[in-house]
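2 protein chains.
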Amino acid sequence: MNDFLKLHTANAVAQIEGYTPGEQPSDGNWVKLNTNEFPYPPSPKVREAILDELGGDGAKLRLYPDPISKNLRSKIGKFFGLSAENVIAGNGSDDILNLAVRAFSDPDKPILSLDPSYSLYPVLAKIQNSEFIELPFGDSMDIPFEKISSSRANIFFFTNPNAPTGVGFSKSDVERILNEFGGLVLVDEAYAPFAEFSASELVDKYPNLIVAGTTSKGWGLAGMRIGWGLANPDIINILDRVRDSYNLDRLAQAAGMAAFSDNEYYGNLCGIIKDTRDKTELFFESVGWKYFKSSSNFILVTPKNKNGKSGRDVADEFFKYLKSIKILVRYFPNCPAVCDSVRISVGTPEQMILLQNAVKDWISL
Amino acid sequence: MNDFLKLHTANAVAQIEGYTPGEQPSDGNWVKLNTNEFPYPPSPKVREAILDELGGDGAKLRLYPDPISKNLRSKIGKFFGLSAENVIAGNGSDDILNLAVRAFSDPDKPILSLDPSYSLYPVLAKIQNSEFIELPFGDSMDIPFEKISSSRANIFFFTNPNAPTGVGFSKSDVERILNEFGGLVLVDEAYAPFAEFSASELVDKYPNLIVAGTTSKGWGLAGMRIGWGLANPDIINILDRVRDSYNLDRLAQAAGMAAFSDNEYYGNLCGIIKDTRDKTELFFESVGWKYFKSSSNFILVTPKNKNGKSGRDVADEFFKYLKSIKILVRYFPNCPAVCDSVRISVGTPEQMILLQNAVKDWISL
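The listed protein sequences derive, respectively, from chains A and B. All residue numbers for the first sequence refer to the working numbering, where the first residue is 876 and numbers rise by one. All residue numbers for the second sequence refer to the working numbering, where the first residue is 876 and numbers rise by one.
These are calculated hints, taken from the structure and not from any lab test. This structure is a prediction, so every number in the text was calculated from the model and none was measured. All C-beta atoms in this analysis are idealised placements derived from N, C-alpha and C, irrespective of residue type, glycine included. Do not take every clue at face value.
Claimed, not checked - Straight-line distance between alpha carbons at most 25 Å, and here's what the computed DSS-like set of lysine-lysine pairs gives:
no. : chain 1 : residue 1 : chain 2 : residue 2
1   : B       : 920       : A       : 1201
2   : A       : 1198      : B       : 935
3   : A       : 920       : B       : 945
4   : A       : 935       : B       : 1046
5   : B       : 935       : A       : 1149
What the hints assert, rightly or not - Quick list of simulated restraints, FRET-style, between CB atoms:
no. : chain 1 : residue 1 : chain 2 : residue 2 : range
6   : B       : 1165      : A       : 946       : 56 to 62 Å
7   : A       : 946       : B       : 1163      : 40 to 46 Å
8   : A       : 1076      : B       : 1196      : 24 to 30 Å
9   : B       : 1150      : A       : 1076      : 42 to 48 Å
10  : A       : 1147      : B       : 919       : 47 to 53 Å
11  : B       : 877       : A       : 982       : 54 to 60 Å
12  : A       : 900       : B       : 983       : 40 to 46 Å
13  : B       : 1046      : A       : 982       : 40 to 46 Å
14  : A       : 1027      : B       : 919       : 57 to 63 Å
15  : B       : 1196      : A       : 1027      : 54 to 60 Å
16  : B       : 1109      : A       : 1223      : 51 to 57 Å
Go ahead and model the full structure; you've got the sequences and the hints to work with.
In structure tokens, the structure reads:
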């Protein structure tokens, strides 16, 4: 950074680096298991709805979209048994997380999270110049309830199911946090379609709850950036104040509406994904690799080489081996809590067979 | 706001109201001249590119988009005679304005703007808890150069052509600001396709320049939210730090690429819009209504009733009359500098005839 920019960059931004998302290779020859995408196309209704919005000449695209995505909010609300007033729509759930940071944290209002969790939170906190408090999970991913409730944080970002471990927490765990923690609780539910429980059912009961969700993982629409926040209308109103006026384009709104119109399609496929996940976990058991029982569409697993060794070097070696044969998984070398593991998205049954064969080959190398 | 939220909302956000964009009626029976949209469909290439990205089953939509919109940045750069490293792509230019506020202002780094200008700037400043300094234009929209250069602001948002007056400023005006003002200058060029000059040609010369643009006005794609910032690579790098990782969805990236592949189509239509604008201005002259000579695709005009009176009440009356006959224009009752005027987007020649007839009818009521 040159001297002019050193002088003129906001203090909070001068020191930071941005968030680095998982690799998105531009060629299609990869078995891509690194960013937890849905392994099947979105519902055919999505394509139809986009074609409909496009029309014969794309003329509607010249007009601004509905700034508040009203119909999409209604549709999302209905899906979760809530009203449109309980919903804000975002450009992916990252947009919602960013709005929550801007609306409910500042230099005097710290953010709390658990370690490990979604690595975007500390980046958003730094940009906002907010204090970021991180509490470690217990060894078996136990929630440190007492430390959470005695924290002086203003808002707690709770990833459920957790990323990157995949561990899911129960309704009673979430309610205990909502009852004991004095501030706002944002339950980040990107992976809820693969879990047993969604906090959306608690929105009417708890005035300190925000639930964030996305079509990226469970609806096959990572490419369209559609997310939401669910909360009581007063919270939604505050999030709307800091929202970009036109945060969702016309085709994203149309795609989101259609995705929530085909519950049967997604119900079936999420069932297949969970089944594939469970079978993949059994495979890891069969080779004696440790993993966290997943409530998500990915598995965090600790590779063990043929000498029975695990650790950061072994994980690194396994990650690179997979990459050399065009299988892409996620590895977090800079995250001490999980640097001995790799995170593998649950793909199609066929992709998981490829992965299992790769594991067997690597062990016997 | 309830007591719990009063306590937990960020100080900067607790007091504000969000930005109110122009009305977007959901039914199609309006002559819509209120938000400066392009009155023609986007290039047919846009629809083709979206269909291509959709494919036969929409399967690509399940994958995350390119986080940095690399190909789109290259395409935009090429259009402006710059390289991809000079470009950041945004979810509309509002995204770029927001990033600039976050990257280059904070409680110690004030934002400067002129009055009147785009009314989003003070909203973004408040959310960021930044001081907002506003200098008035002279009566004939003269730029207060000395006051700008002696300002202690960190970044100056300069709308060129201006909104809501439509007045365009010359290369020498912009260079004078860039040379004399000590901080960053963001030239907000949403309306540049209808003007004689774009500061994009100065990006290589001035390390303190950011140029913001959008496909919303000049490319018929307000519905797709595609904007950009042009600057030296060091500035782009800082803006990228605060950018949402996946700020542009797959179809928006495809649409933007296609829009910049049909310069002939847009050159012709922008020519027609400028011609329609100039003819509409002549009409206002013929009825003796004052207006600012526009370099944009809208005209700020001061309605005069049959008794020869102008003013806030008259503008309000005229706005309501147009609305009653389903012609929607923009009126800024809370902006003292322009509350005696209405802002009318330049539509098709046919729409402008309807408007002119409405003006004649209203005068003779």
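Structure-based check of each hint:
The hinted pair formed by residue 920/B and residue 1201/A fails the criterion: a straight-line CA distance of about 34 Å is larger than 25 Å. At roughly 22 Å between alpha-carbon atoms, residue 1198/A and residue 935/B fall within 25 Å of each other, so this suggested pair holds. For a cut-off of 25 Å, the pair hint linking residue 920/A to residue 945/B is broken: about 29 Å separates their Cα positions. Between residue 935/A and residue 1046/B, the direct Cα distance comes to roughly 35 Å. Violation of the 25 Å bound is thereby established for this hinted pair.
The hinted pair formed by residue 935/B and residue 1149/A meets the criterion: a straight-line CA distance of about 22 Å does not exceed 25 Å. Judged by the Cβ atoms, the range 56 to 62 Å given for residue 1165/B and residue 946/A is violated: they are separated by roughly 41 Å. With their beta carbons about 45 Å apart, residue 946/A and residue 1163/B fall inside the hinted range of 40 to 46 Å. A hinted range of 24 to 30 Å is violated for the C-beta pair residue 1076/A and residue 1196/B, which are about 50 Å apart.
Between residue 1150/B and residue 1076/A the C-beta distance comes to about 59 Å, which lies outside the given range of 42 to 48 Å. About 39 Å separates the C-beta atoms of residue 1147/A and residue 919/B, a value inconsistent with the hinted range of 47 to 53 Å. Between residue 877/B and residue 982/A the Cβ separation comes to about 24 Å, which falls outside the hinted range of 54 to 60 Å. Under the hint 40 to 46 Å, the C-beta atoms of residue 900/A and residue 983/B, about 42 Å apart, fit the expected range.
At roughly 41 Å, the beta carbons of residue 1046/B and residue 982/A sit within the given window of 40 to 46 Å. In this structure the supplied range 57 to 63 Å holds for residue 1027/A paired with residue 919/B, their Cβ-Cβ distance being about 58 Å. The beta-carbon spacing between residue 1196/B and residue 1027/A, approximately 57 Å, falls within the hinted interval of 54 to 60 Å. Taking 51 to 57 Å as the suggested C-beta distance range, the pair residue 1109/B and residue 1223/A does not conform, at roughly 44 Å.
Checked against the numbered hints above, the structure violates hints 1, 3, 4, 6, 8, 9, 10, 11 and 16; every other hint is satisfied.
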